[in-house]
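Q: Residue numbers (the working numbering), protein chains in the order written: chain L, 264 to 613; chain R, 104 to 388.
It should be emphasised that the hints constitute simulated quantities derived from the structure, not laboratory data. Note that the structure is predicted; figures quoted are calculated from it, not measured. Heads up, the beta-carbon is just placed ideally off N, CA and C, and yes, glycines get one too. One or more of the hints may lead you astray.
[Said to hold, decoys possible] Partial selection, computed: residues in chain L whose CB lies under 7 Å from chain R: (1) Ala309; (2) Leu311; (3) Ala313; (4) Glu338; (5) Ile342; (6) Leu344; (7) Leu350; (8) Phe352; (9) Ser356; (10) Phe363; (11) Cys367; (12) Gly369; (13) Ser371.
[What the hints assert, rightly or not] Partial list, derived from the structure: chain L residues whose beta carbon lies under 10 Å from chain R: (14) Arg339; (15) Gly341; (16) Asp348; (17) Leu429; (18) Leu515; (19) Tyr611.
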Amino acid sequence: MSVDARLRVERPGFALDLDLHIEAGQVVALLGPNGAGKTTTLRTLAGLNALSSGRIAIDDAVVEDSSTGRRIPTERRGIGLLFQDYLLFPHLSALDNVAFGLRCQGRSKAEARTAAAAWLERVGLSEHAAARPAALSGGQAQRVALARALAPSPRLLLLDEPLAALDAHTRLDIRTRLRHHLADFTGATLLVTHDPLDAMILADRLIVIEHGQLVQAGTPGEIARHPRTEYIARLVGLNLYRGTATDHRVRLTQGADITTVDSHQGPVFVAFRPTAVALYRTRPDGTPRNQWPVTVAGIERRGDHVRIDLTGPLPIAADITPAALAELDLAPGTEVWATVKATETSTYPA
Amino acid sequence: MPGRTPSLRPRTGRAEGPRRGPSPTATRRVPLALLLPALLGVVFLTLPLIGLLVRTPWSDLTAQLRGTQVLQALRLSLITASLATALSLVLGVPLAWLLARARFPGRRLLRALITVPLVLPPVVGGVALLLALGRRGILGQYLDSWFGITLPFTTAGVVLAEAFVAMPFLVLSVEGALRAADPRFEDAAATLGASGWTTFRRVTLPLIAPGVAAGAVLAWARALGEFGATITFAGNFPGTTQTMPLAVYLALQDDPQAAIVLSLILLAVSITVLAALRERWMTTA
Numbered sequence: 264m265s266v267d268a269r270l271r272v273e274r275p276g277f278a279l280d281l282d283l284h285i286e287a288g289q290v291v292a293l294l295g296p297n298g299a300g301k302t303t304t305l306r307t308l309a310g311l312n313a314l315s316s317g318r319i320a321i322d323d324a325v326v327e328d329s330s331t332g333r334r335i336p337t338e339r340r341g342i343g344l345l346f347q348d349y350l351l352f353p354h355l356s357a358l359d360n361v362a363f364g365l366r367c368q369g370r371s372k373a374e375a376r377t378a379a380a381a382w383l384e385r386v387g388l389s390e391h392a393a394a395r396p397a398a399l400s401g402g403q404a405q406r407v408a409l410a411r412a413l414a415p416s417p418r419l420l421l422l423d424e425p426l427a428a429l430d431a432h433t434r435l436d437i438r439t440r441l442r443h444h445l446a447d448f449t450g451a452t453l454l455v456t457h458d459p460l461d462a463m464i465l466a467d468r469l470i471v472i473e474h475g476q477l478v479q480a481g482t483p484g485e486i487a488r489h490p491r492t493e494y495i496a497r498l499v500g501l502n503l504y505r506g507t508a509t510d511h512r513v514r515l516t517q518g519a520d521i522t523t524v525d526s527h528q529g530p531v532f533v534a535f536r537p538t539a540v541a542l543y544r545t546r547p548d549g550t551p552r553n554q555w556p557v558t559v560a561g562i563e564r565r566g567d568h569v570r571i572d573l574t575g576p577l578p579i580a581a582d583i584t585p586a587a588l589a590e591l592d593l594a595p596g597t598e599v600w601a602t603v604k605a606t607e608t609s610t611y612p613a
Numbered sequence: 104m105p106g107r108t109p110s111l112r113p114r115t116g117r118a119e120g121p122r123r124g125p126s127p128t129a130t131r132r133v134p135l136a137l138l139l140p141a142l143l144g145v146v147f148l149t150l151p152l153i154g155l156l157v158r159t160p161w162s163d164l165t166a167q168l169r170g171t172q173v174l175q176a177l178r179l180s181l182i183t184a185s186l187a188t189a190l191s192l193v194l195g196v197p198l199a200w201l202l203a204r205a206r207f208p209g210r211r212l213l214r215a216l217i218t219v220p221l222v223l224p225p226v227v228g229g230v231a232l233l234l235a236l237g238r239r240g241i242l243g244q245y246l247d248s249w250f251g252i253t254l255p256f257t258t259a260g261v262v263l264a265e266a267f268v269a270m271p272f273l274v275l276s277v278e279g280a281l282r283a284a285d286p287r288f289e290d291a292a293a294t295l296g297a298s299g300w301t302t303f304r305r306v307t308l309p310l311i312a313p314g315v316a317a318g319a320v321l322a323w324a325r326a327l328g329e330f331g332a333t334i335t336f337a338g339n340f341p342g343t344t345q346t347m348p349l350a351v352y353l354a355l356q357d358d359p360q361a362a363i364v365l366s367l368i369l370l371a372v373s374i375t376v377l378a379a380l381r382e383r384w385m386t387t388a
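Construct the complete structure from the given sequences, taking the supplied hints into account.
A: Here's what the structure looks like:
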């Protein structure tokens, strides 16, 4: 039960061009900024949007092929789709919502309800079987929607921002439950999200798209260690630059030079964590380190640390403690020196 | 647009929270130039109804009601209006769906065409029906020669005339409800394996039920009061085509008391419909 797709969708001002392969039992997360084409990808696989060109095969069965004009409608693709806002049918009880897909497969009412009740039990909502969607909390509605999508045993499960509508506390609980259910699911799963944490926890493999194009694919670990675009670097919390390496020196595209611990030749990425950046009011003396005069552009409190956005020879994000912030007496416009040890940098071929 | 989901309006109105207190404008003096015509308007609209109530022969009301002519007309009106509503539902709901959901060239033109009976003088509608379905009509001649079916001047003709006038009300009401309903519920149904027909039956129709009900009540009320198209296309035969409005008109010539009683009944039915609609709008909120 695998999915193989070559998706080309063209609309005025937007083009999606993506090759996708998902093995049975595998969870692939599709990450990308708003407008990157994540939802379009999902809706196209589901058959809710048409392909401009390309081909979609689910389980070796071609469900859409622009070259032959073949196009199997959504209801016969054997997919399950969990919508971001769930779209539970408001006039049906939780039980009948879950039974809906089973009824569509031609099962009797009693049979469908028995199976639906078992699904509600699996998601821990047996006592809410008779409840209308309006009476359910956000987390409960999400679990009913997941049960509804999984009940007809789809070959491909599509999840559209499954946790986005939940509050922080519920999100944690539902993410754990979702991970559990995805582990049991034997079909292929495509998870669309803009939250890197969700993607890393739930997915076996990440696909990052920007402007309708694939920019990076790999395991969560690979992508977190070696981001290839600024968007991904920001997602995983890294400063990322492109440049040309000559041994331990890298001339960055911004014009500044940086000394690295790894030795490379040619085009490379250089990355370092915001926590690796040290800030000084005056130029620090001593060993020749990477140091640049920069200007504070923004200050943002983030949990137990403070994120400082710096501009200058190169844009840098620095994380410092509130105590350091007070000591340095930083405000937007303040000029400071930023330093990074060569041992804190990570360099890899571009 | 007339009849655009009346059922949804109170729903949003109610969600606005507690009623506001008297607004500043309520205490401001009303200009006489507005007040006088407004009061005159109230009198103009209510005086005839009061007149009807005042002149009703309450003492022998029951005797009048028992007159076969009255009961016959009432029965015929209720039956034909209900059949016309049923016909409007069977044809009008799919038509509304087509207008709201399908994409095809000439859709706007089609909607305009469907709205024509709404503004057409009903007598003209009756003439048009005669030309189409009369014994020499473009379709009627074949109905007559092939199947021996004649529609004009029959009870079936009454139903057709009423449906012709009433159906646009239903179509517009249902189309409005469809446009207000989130089409992504239909997407969700499709991802669960529901065919187009199943989706319509099990998802779309329940979602727009209040709009369909409101449209049906409007259509029924319109059919019940239908006069012009009916008398032109179906004539005025007691027992088969003489509906209440026709009976009122006829009775006015030779038995004004009966006309008043008949009118009173129609008024009562109208108010009941209004109350029913109000009830529905309030309870579905």
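Q: Hey, does the Gly369(L) contact hint survive, CB to chain R under 7 Å?
A: For Gly369(L), the interface hint is violated, since the closest Cβ of chain R sits about 9 Å away, which is over 7 Å.
Q: Should the interface hint for Leu350(L) be scored as holding, given a Cβ-Cβ cut-off of 7 Å against chain R?
A: holds (4 Å)
Q: Report holds or violated for the interface hint on Leu344(L), using the least CB-CB distance to chain R and a cut-off of 7 Å.
A: Given a least distance of 4 Å, the restraint on Leu344(L) holds.
Q: Double-check Leu311(L) for me: the hint is only fine if its C-beta lies closer than 7 Å to a C-beta in chain R.
A: At 5 Å from the nearest chain R Cβ, Leu311(L) passes the 7 Å test, so the hint holds.
Q: Tell me if the interface restraint on Tyr611(L) is satisfied: Cβ within less than 10 Å of some Cβ in chain R.
A: violated (40 Å)
Q: Would the hint on Leu515(L) be counted as holding, given a Cβ-Cβ threshold of 10 Å to chain R?
A: Given a least distance of 46 Å, the restraint on Leu515(L) is violated.
Q: Would the stated hint for Gly341(L) survive a check requiring a Cβ distance to chain R of less than 10 Å?
A: holds (8 Å)
Q: Does the closest beta carbon of chain R sit nearer than 7 Å to the beta carbon of Ser371(L)?
A: Where the cut-off is 7 Å and the nearest Cβ of chain R is about 15 Å from Ser371(L), the hint is violated.
Q: With a cut-off of 10 Å, does the beta carbon of Leu429(L) approach a beta carbon of chain R closely enough for the hint to hold?
A: Status violated, d = 19 Å.
Q: If you take the shortest Cβ to Cβ gap from Ile342(L) to chain R, is it below 7 Å?
A: Because about 6 Å separates Ile342(L) from the closest Cβ in chain R, which is inside the 7 Å limit, the hint holds.
Q: Holds or violated: is there a CB of chain R closer than 10 Å to the CB of Arg339(L)?
A: holds (7 Å)
Q: Taking the least C-beta to C-beta distance, is Glu338(L) closer than 7 Å to chain R?
A: Cβ of Glu338(L) sits 5 Å from chain R, so the hint holds.
The structure is inconsistent with the numbered hints 3, 9, 12, 13, 17, 18 and 19, although it conforms to all the rest.
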